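**Student:** Hey, can you piece these two chains together into the complex? The hints should help.
Protein sequence lines correspond, in order, to chains A and B.
For the first sequence, the working numbering assigns the number 1 to the initial residue and increments by one for each residue that follows.
For the second sequence, the working numbering assigns the number 1 to the initial residue and increments by one for each residue that follows.
Calculated directly from the structure, the hints in this document are not laboratory data.
Do not take every clue at face value.
Ranges between beta-carbon positions, derived for each pair [claimed, not checked]:
| no. | chain 1 | residue 1 | chain 2 | residue 2 | range |
| --- | --- | --- | --- | --- | --- |
| 1 | B | Phe-101 | A | Arg-247 | 47 to 53 angstroms |
| 2 | B | Asp-29 | A | Ala-53 | 31 to 37 angstroms |
| 3 | B | Lys-102 | A | Thr-183 | 49 to 55 angstroms |
Listed below are the simulated SDA-like cross-link pairs for lysine to any residue, each with C-alpha atoms no more than 20 angstroms apart in a straight line [as the list claims (entries may be wrong)]:
| no. | chain 1 | residue 1 | chain 2 | residue 2 |
| --- | --- | --- | --- | --- |
| 4 | B | Lys-8 | A | Pro-64 |
| 5 | A | Lys-192 | A | Pro-98 |
| 6 | B | Lys-61 | A | Pro-64 |
| 7 | A | Lys-192 | A | Gly-182 |
| 8 | B | Lys-61 | A | Gly-63 |
| 9 | B | Lys-61 | B | Cys-20 |
| 10 | B | Lys-61 | A | Ala-30 |
| 11 | B | Lys-102 | B | Arg-14 |
| 12 | B | Lys-61 | A | Leu-24 |
| 13 | B | Lys-61 | A | Arg-29 |
| 14 | B | Lys-61 | A | Gly-23 |
| 15 | B | Lys-8 | A | Leu-235 |
| 16 | B | Lys-61 | A | Asp-18 |
| 17 | B | Lys-8 | A | Gly-63 |
On a predicted model such as this, the values are computed, not experimentally measured, just so you know.
The beta carbon of each residue, even a glycine, is placed where N, CA and C say it ideally should be.
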Amino acid sequence: MSPYPDHPLVRAYLDELDGLLRGLGPQERAEIVGGVREHLDGLLPEVGAASDAEVRAALAELGPAAAVAEEAYAGWPATSPVASAPVVVAPVPVSSRPWLPWTVAGLLVLAALFVLGAMGGATGSGSAEVGPVVDAGTGRPADGGTVLVSGPVFDAGSVVATALAAAVTAFPLWLPLVVLVGTTGLWRLREKVMLVALVPLAPLVVAAVAIVAVAVLGQRAAGPGGAVGLAGGVLLVLVVTVVMVRRALRRADALASRLVAQPRLS
Amino acid sequence: MVPGDDSKLSHLRRGVLEYCVLALLAGRDRYGLELARELTRDGVLMSGEGTLYPLLARLRKAGWVTTSWQESSEGPPRRYYALTQAGSVALSEFRPAWKQFKDAVDTALATSGDLG
Numbered sequence: 001m002s003p004y005p006d007h008p009l010v011r012a013y014l015d016e017l018d019g020l021l022r023g024l025g026p027q028e029r030a031e032i033v034g035g036v037r038e039h040l041d042g043l044l045p046e047v048g049a050a051s052d053a054e055v056r057a058a059l060a061e062l063g064p065a066a067a068v069a070e071e072a073y074a075g076w077p078a079t080s081p082v083a084s085a086p087v088v089v090a091p092v093p094v095s096s097r098p099w100l101p102w103t104v105a106g107l108l109v110l111a112a113l114f115v116l117g118a119m120g121g122a123t124g125s126g127s128a129e130v131g132p133v134v135d136a137g138t139g140r141p142a143d144g145g146t147v148l149v150s151g152p153v154f155d156a157g158s159v160v161a162t163a164l165a166a167a168v169t170a171f172p173l174w175l176p177l178v179v180l181v182g183t184t185g186l187w188r189l190r191e192k193v194m195l196v197a198l199v200p201l202a203p204l205v206v207a208a209v210a211i212v213a214v215a216v217l218g219q220r221a222a223g224p225g226g227a228v229g230l231a232g233g234v235l236l237v238l239v240v241t242v243v244m245v246r247r248a249l250r251r252a253d254a255l256a257s258r259l260v261a262q263p264r265l266s
Numbered sequence: 001m002v003p004g005d006d007s008k009l010s011h012l013r014r015g016v017l018e019y020c021v022l023a024l025l026a027g028r029d030r031y032g033l034e035l036a037r038e039l040t041r042d043g044v045l046m047s048g049e050g051t052l053y054p055l056l057a058r059l060r061k062a063g064w065v066t067t068s069w070q071e072s073s074e075g076p077p078r079r080y081y082a083l084t085q086a087g088s089v090a091l092s093e094f095r096p097a098w099k100q101f102k103d104a105v106d107t108a109l110a111t112s113g114d115l116g
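The shape of chain B in the complex, shown without the other chains (with noise of 0.2 angstroms):
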């Protein structure tokens, strides 16, 4: 990666990424090494994985997810992440603005002529 795309993208991922978790956890419940794999798979999303707990631990203040004890089979008990109900609702009221979102950042470039 290019030195300053990092910046470039920490700015992009602010506001988005919550959502990605949120996403991330409608379909299950997951644990904190388990979603920082998940969003740091492309290095887009993410670049250190650190930045994941202040996120969770914002997401939990805010009521959008719960945490919970479980066993795990390979070592100490795991916190898992549980979408809430007002979570979900986030989450659905997120998609359709990011579909506009993207489409309108997507039309302004294409005005532009494709010069990448």
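Same shape as in the complex, but just chain A (with noise of 0.2 angstroms):
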């Protein structure tokens, strides 16, 4: 194609050209590569006649291939701030890491079992007071034993009372988890605050369905209203758990690999 490959000083050259020009697209590198052969083309017009002097005039005029190649990755006026300034990569934030989401995954289960487990010995004692059928008719037990109680048994307000009570307990795991969740920068506002109301929520969330079940089914649904009321506790919490850990362990993830993507070409 081109008469000059075969003198070895403008082969070394363009071979060191193309060599490092390897981190530009393969148009642009052909391109610039054929450029640079095409002036050595009409510098050096007669195959074969050229003396290596003439061939050291004209590549001492084409300058370094290194000084070509820098002038290749300098970029386009319009992007160089970005190609040319050198790359400020700031370290991803202690607190936008893994280990934050499995950390709350971890306090946000031990707070929700320690509450739930609280409720549930809550409502499993107030079932058991419910125990002894009372007949309704004579305000007796219908056994013929002592009365227990009389009146509503399930007490609405005490339930309540002890689901907050078992929020309470929590405390000294609930405040290092609201700590957490404040400071990272992995799950947004709404996210937050979901998580952060979950372990105050959930015993309510227990409470409202064994009030609920015994409005609708008096008494006895106490026991299995209070129960239902823990298992969909659970699920929501290791549900909400489980989808904000996934999201939070994503978005770290992507954080850190945004900082190893930079290309550095020169």
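**Tutor:** Shown next, in the form of structure tokens:
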């Protein structure tokens, strides 16, 4: 194609340039090397007749291959601030790394178990109180035993109070959770509010289910209602935890990979 | 030329040389070697001729110039560069900007007194 690849100096120059331009797109790379080759074709028109001195002079006028490559990587004016400015990589903040969602998940599950356990105990003892079947007509126990309770046995107020008390006892676990969730950048505000509210909210959900069950189905439903409420509370905590941790881990991963995805050409 | 001048000049050239190429192409289409000869004539605009080719590749990528092969009476066909409409617009926008820039630099230098 070109008469010059035969001259070792020209071949060495073009090979060096081609190698230095590896970081470019194939079209741009071929275009630049082709342009330089034609330039030499034009300067040294007679096949085989160019002396070493002529070739050296032509190559000297071109300048070092490294300088040509540097210009190629320097970029277009409109994009050069990005391409040529040193890439300042801010490290991912400690609070946005994967350990945080895992820790929050651990705290969340522990706190929820703690609170719901306390609730379970409360509703369990509540159902025990309801245990003796009371004859509605006489107000006396059907089995003739002592009347333990009269009137509404399942007291909504006390159930809510138990729920709140359970939430308060979880405070030592809840506090670090609030701090971690508050400082991280891995969750959005709405997600943070949900995570922080989950521990106080879960026992209230349990209580609400039990109260509704009793209101609709009567005293006998207090036990099963509490159990259903507990199961619902556990499920709620687990689902929210899994969803939130997965989101946070995905974001942490994206943050970390953005730092290595930045190409450095020159 | 004093050593060090070239690095100063290469900073000054950045963002300007492209428009010099566009201006050279505004009159007529030219091939690489021809452009290189024009630009290295005084050693100010360009030092190594090789740096022209990355610049031309960028101009083509930006759509400011196009290339076409034309037969040459002396040797193989040559790749000719031509100004596009977009390149013409870019050049016409650069002209007043450059005048403003040049005047501002001249004014700033003049206020410090003629020490050169």
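**Student:** Taking the numbered hints from earlier one at a time, note which ones the structure violates and give those numbers from smallest to largest.
**Tutor:** Of the numbered hints given earlier, those the structure breaks are 6, 8, 15, listed in rising order.
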